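Participant: Each protein sequence line maps, in turn, to chains R and H. According to this note's numbering, the stretch in the first sequence is residues 21 to 648, in order. According to this note's numbering, the stretch in the second sequence is residues 345 to 555, in order.
Treat the hints as calculated values from the structure; they're not laboratory data. All values reported here derive from a predicted model rather than from experimental measurement. One should not assume that every hint holds.
According to the in silico footprint, chain H covers these stretches of chain R (three or more CB under 8 Å from chain H) [unchecked claim]:
(1) 92-99
(2) 371-378
(3) 498-508
(4) 532-540
Taking lysine-lysine pairs in the DSS-like style, the calculated list, with each CA pair at most 27 Å apart, reads [to be verified]:
(5) R:Lys55 x H:Lys533
(6) R:Lys55 x R:Lys72
(7) R:Lys134 x H:Lys498
(8) H:Lys498 x R:Lys435
(9) H:Lys498 x R:Lys72
(10) R:Lys40 x H:Lys498
No residue lacks a Cβ here, since even glycine has one placed at the ideal position from N, Cα and C.
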Amino acid sequence: MVDAARQPLIEVKTFTEVEKVEGYVGNFVVTLREKSKYVRADRCNGCGACTKACPVEVPNDFELGLAPRKAAYIPMSQAVPLIYNIDMDACIHCYKCVEACGALEAIDFSMEDKLVEQEIGAIVVATGFSHFDPTPMTEYGYGRFPNVITAMEMERLNNSAGPTHGALIRPSDGKSPKHIAIINCVGSRDKRYNTSCSNFCCMYAIKNALLLKQMHPDAELSIYYIDIRTPSKGYEEFYDRARESGIRFIQGRPSEITEDPDTHQLFIASEDITLGKVIEREYDMVMLNQAAIPQPDQNHMSSVLNVAQSPGGWFMEYHPKLRPMDSPTDGIFFAGACQGPKDIPASVAQGSAAASRASRILHSDSWQIEPTVAVVWPDRCVSAKGQACGICARACPYGAIDYTKGLAAEVITAKCHGCGACVGECPHDSITQLHYTDAQVLAQIRTLLAIEPEKKILAFRCQWCSYGGADLAGTSHFEYSANERGLRVMCSARMDADLIYEAYRLGAGAILYSGCHPQDCHYITGQISGAKRAARLEKIFERMQMSPGRFRTEWISAAEGDKYARIINEMQATLDAIPEDVLKAEIERLRPEMSKRLTKMGEVPGVAQAMAQVDFIVDEMIGKEKGA
Amino acid sequence: MSEDPITKSHAADFPQDEPRIGVYVCHCGSNIAGVIPPEEVVEFAGKLPGVVRSIDTMYACADSGQRLIKEDIAKYGLNRVVVSACSVRMHEPTFRGCVAEAGMNPFLMEMANIREQCTWAHGHDPEGALKKAKDLTAAAVAKATFLTPLDMIKVPVTKRAMVIGGGVAGINAALDLAEQNIPVTLVEKEPTIGGVMAQLNKTFPTMDCSI
């Protein structure tokens, strides 16, 4: 902590929140909200005279409310930086602190939150985790029984810097407890709350038991556990040490804690798997070892940073094995528990790893980004012919398109992230996306639907989420119908209506229009463009009296492999329920309608030429199938 | 960026060259070959217009697989490569790098995902999986036919990092960056850095102090 504050190249900004992240790798612009401390950092010398003078006392969050603090405060004596804060919610405006501060004049009640912008090359996200509040688990009585405490409360109670200076006392009577129980997996590995394992709490329970045993050798400690997990170096030996020191390990998840209301003694009912029976034991104090959960503002941060979340809410890495520190956004990296619960050694290692990933970029003079950007055909743009339009500029989530009536729209390449929203929205087919041109995508659609198109489920997927979801379905071996044919574009925003019409014209049985959940979109609002278009298409197909379910819109994250498989299987069931002759008749009936909507497609540069060539590929495919 | 790096005239145009496509169908050990016979995909792809070379390989990503592709580019005068193997999320950078080493523009390589999105998901239906693997390979061949060479876009880099969160991971990241002479802004929403770790007493397994 102190090292970070002392390092001249680190600017520590506490009491500061990230408001907005714009830009791209190497060139982010981050807007920070420096919340007002009402104490000027350049003047405060950390003497603490204001705290002494302050007459207001409120619970100290840092001590989990176990000790008070003043309205003029620092959260703990080792705070870094050592700058005092005025808690304006608690302040009674007596100005005694101002008097106490005197000539320093560090306290400034007129201070306001300040928004500052910083230009940043790479970002490391290390926002950490939060603790599960066991109050909803009424069977354990937390909040009702004073001697049932959480792990973090225990942490402060047996800490020499804590409110009791390290003296462990029972909250009910201030006496030193002798019989202490620790219950593991409180809110974790529990289908009602968090199904996953919180990673470090087994070791954490052992640590607390050992510490208590060291300080109070006559104390009797029991740890209730489901499994003890000690996979890292030196951990199993630590567990052995605890057992040898006389700490009792009881395998069984307690069903209930009851209390004697007069003595506040606690009784834990549980199974003991080793004994093979149900037991009840009496304790003076019980510590609930809480689950690690995502931060309360994790969803908000996910939107600000434009990064996705795994099941359970943690930030989702680009690839769990190959790129564990990378977010899907180039130039943004994760470190520590924000990506999933982890202990201190793993968090420290990840901090270094993320720094190393970021420094690859920061040590370079320039960085390369993919050229899958949008390009305008100026001769096709109606604005150049004097028509008012600008649809592309409005569709762009990044303001990367310059639109002036009378001039052809122009893409500012460095700002373009390559989602293809402008391409999907342009009603005049005047923009294309490199590497995902209409000719290229149409060539794929034609080949995928070359043989028995009516049996096929054509799945349009975005690169970041639903393509990843389909990958995960495979990696997890969730089986789904082999009639699915997948097609990748960068974002659902690129899924041009023409591509869908063409697929139906070719006789596609069903089409899945899929992408990220709105909050996960890699391109800020790309998914919103895609979703609006999908909703329009749904209405059009309904008016055409297309059988329900032949066009389906679904948002599937890269973590939802099971959902991907389920949806494809449901779509297969929908197709199976339509008699073949009925389906074929419907395809024939709608073919002219689809053709009618595709009049402009042939004019798109390269498309007619490409389609003539694809016909040869399709002929070969069909010929082969007939011959087989 | 003073100049727009995309030369608007050529990049979106229709390719002018006659396609000479090499198709590489990966076994991935038994991951693909355990469900479908890759040789059948090879034979099917070999007859598609524009394909001048079609062959299976035990592991396309291994040195031997990559060497085969690189040698073939010279030997057969390939100007497009299709790799029918795993997910682009796994190996697109690998095969782009591979063809680039042989002097081909990396954007002239296209992958068909016949593992994650085919054999792994359709183990119950090997016949359906084979049909799908052929279709996916044909679609990659069709797309490859119309690929144009593209150059990566170079952007400048601001030499400053931001670390969001001043807990143990964030502090360590900030220190590591600063010690490499990179200026860092360390942002913390609480009034002090330290995070959860600052609240802890001693830490396992060595029982040393947390602060």
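Participant: For each hint given before, does the structure comply? Return the numbers of the non-compliant ones in rising order.
Facilitator: Violated hints: 4, 7 and 9; rest satisfied.
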